[in-house]
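Can you make the complete structure from the sequences, with help from the hints?
Those protein sequence lines, which keep their order, are chains A and B. Throughout the first sequence, residue numbering follows the UniProt record's numbering, covering 1 to 337 in sequence. Throughout the second sequence, residue numbering follows the UniProt record's numbering, covering 1 to 283 in sequence.
Keep in mind that the hints are not guaranteed to be accurate.
Computed beta-carbon distance windows for the label pairs [as the list claims (entries may be wrong)]: (1) A:Phe-136 / B:Ser-228: 38 to 46 Å; (2) A:Asp-81 / B:Leu-85: 39 to 47 Å; (3) A:Ser-240 / B:Ala-5: 20 to 28 Å.
The hints are simulated quantities; they were obtained by calculation from the structure and are not laboratory data. By construction, the Cβ of each residue, glycine as well, lies at the ideal position given by its N, Cα and C atoms.
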Amino acid sequence: MTNTSTIARGGGNPPAPGRRRHSPQRPAKASGLPPWVIPYALLVPGLMVIAGLLLYPLFQMIVISFQKVGIPQINGKKPADWVGWDNYTKVLDNEIFWSSLRNTVVFAAITVTLTLVLGTAVGALLNKLGKKMSTFVVVGIMSAWAVPPVAQGVIWRWLFDADAGMINWVLNLLPDWLSSLLFGRSDWTGEPWLNDAVTIYLVLIVCVVWASFPFIAVSVLAGLKGIPTELYEAARVDGSGPWRTFRKITLPLLKPVFSVLTILSIIWNFKVFSQLYVLMNGPTNREAFNLSMFSFAEAFRSPPKMGTGAAIAVILTLLLLVVTAVYVRQIVKTEEM
Amino acid sequence: MTPIARKRLTKAALNAAGVLVFIFAVFPVYWMVSTSFKTNDQIFTTDFIPFPTEFTLEHLDRVLSEGVAGNSIWLYMRNSAIVALGTVLIGAVFALLAATAIARFRFRGRAGFLVLLLIVQMIPAEALLIPLFLNVKRLGLYDQLLGLIVINVGLTLPFGIWMLRTFVAAVPKSLEEAAWIDGASRFTTFWKVLFPLVAPGLVATSIFSFITAWNELIFALILMSDSSGYTMPVALQFFFGQRGTDWGAIMAGSTMMTIPVVVFFLLVQRRMVTGLVSGAVKG
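What follows is the structure in structure tokens.
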């Protein structure tokens, strides 16, 4: 706990007895705080923000999920009524909840897998490329990652547009026999991708994978760069093939990177909102809701049902908490705190 | 095949793969920008027009003059900029103080605070929507950019502190100690020694917060009812009209929204990656 350098930084105050063994004696200066108070004083603004804007609202959300909150309560005209577990039973009885949950989980599973596979492949590729080529590709993929989520939605909505979209044009280019063989059809003119829940998610998967593989690729690249080359040389001397080298050296050494990347990707993809909002033009298609969209729609579409909205948000948070616990454990293990 | 030929072939194949990845990443962005410069004839065609052969500024001109939802797009850009800059200014000060505490002092509760930071980063913002909406209303900040700024500070601060602490830790303590022995006060030491050295990290952290606040959709959507307070992400929704979409205009608007982010992003991308994966990459 006591760390000499910290104590040396203890400021111009008379030291607490026995705490400033290594620092020169200094006269008291005007800062007026005993040294041990300083870190806490520095933390106060940050803690206030975290408590006031994250922790307390989290608590409020749980409270609201047991209340009925409609327009009179929003306007402060009436106190909220306690309704016990009503909101939860209502949510669990709602078909939309189950389709939202399914959409959330299936979408996250597919997207996380695809992003990780594509990102790792590109990361490995970047590691093999020459310096110039690698910089060129990194700048390219970074610009995809940088596009704001709303603009991502706009771009892919346009690419998948029924009449003038690029995707239908490309699919029409395929030779008829191939298109029929693959998709059972040859004419894609006017194909409305964004009318149906399944195809909306197809577009969403493409959109999110496109926007998020660069982060995985660059992180994997950083991980690969950190592996000492002697290990690979030794493996080559021992006659280890590329696949074996990958499995025995690269994979184990990158394991911590992969676990953090997997967890972050799960967390991000579990609550995708902006892109979905743009692709389906607001909370319109209830079959295509995910949990965040469902909670949003319950709470903010008239009539507002904030109680059930909060219940859905609580369920979403609980699901993410499980994943977060794994993440925190991983970071605490690898990082010296 | 000789080994040299094989080596060349492998290299060519790798470079080709690199180019493919580049195209896959950049093409959609390019398509957005190029669409915004095409005439409507070139946009609404079933043909493929790889680049605008008739280059036009009409869409850009339209979003700037007529705008959308009753205002020029400049107003929305300005609102977004105010929210993002406000978030950065408040957030940077708070983050620097907290990061200094973590990186420079060992105190009781330090590890607990770090774990708290990690956990609160993961609270889905969507989950806080309802209580924050009610609180903002009660505090009279509804329909005000300040309300959005406050919320964005909350959303960005935990990661900001987490990212900045590594920069503070990287400044050698001996420098401060030297200034300190020379008789500088704690405040002078902080201001004259630590602050300039942490400045690059502060810039990186600020850019991260700027981008997050700039991109934020869901809170802006519910906290701004008057169109004069819309930010860019909200305003863009209004291009999707009842009768068909003005794709030229929405592409011009999206391009305007995207350019500052991409520029900032390319400046600090390496730091953001290390910030996010932090310890894990060190292996």
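Starting from the hint list further up, note which numbers the structure goes against and sort them upward.
-> Nothing - there is no hint that the structure violates, so all of them hold.
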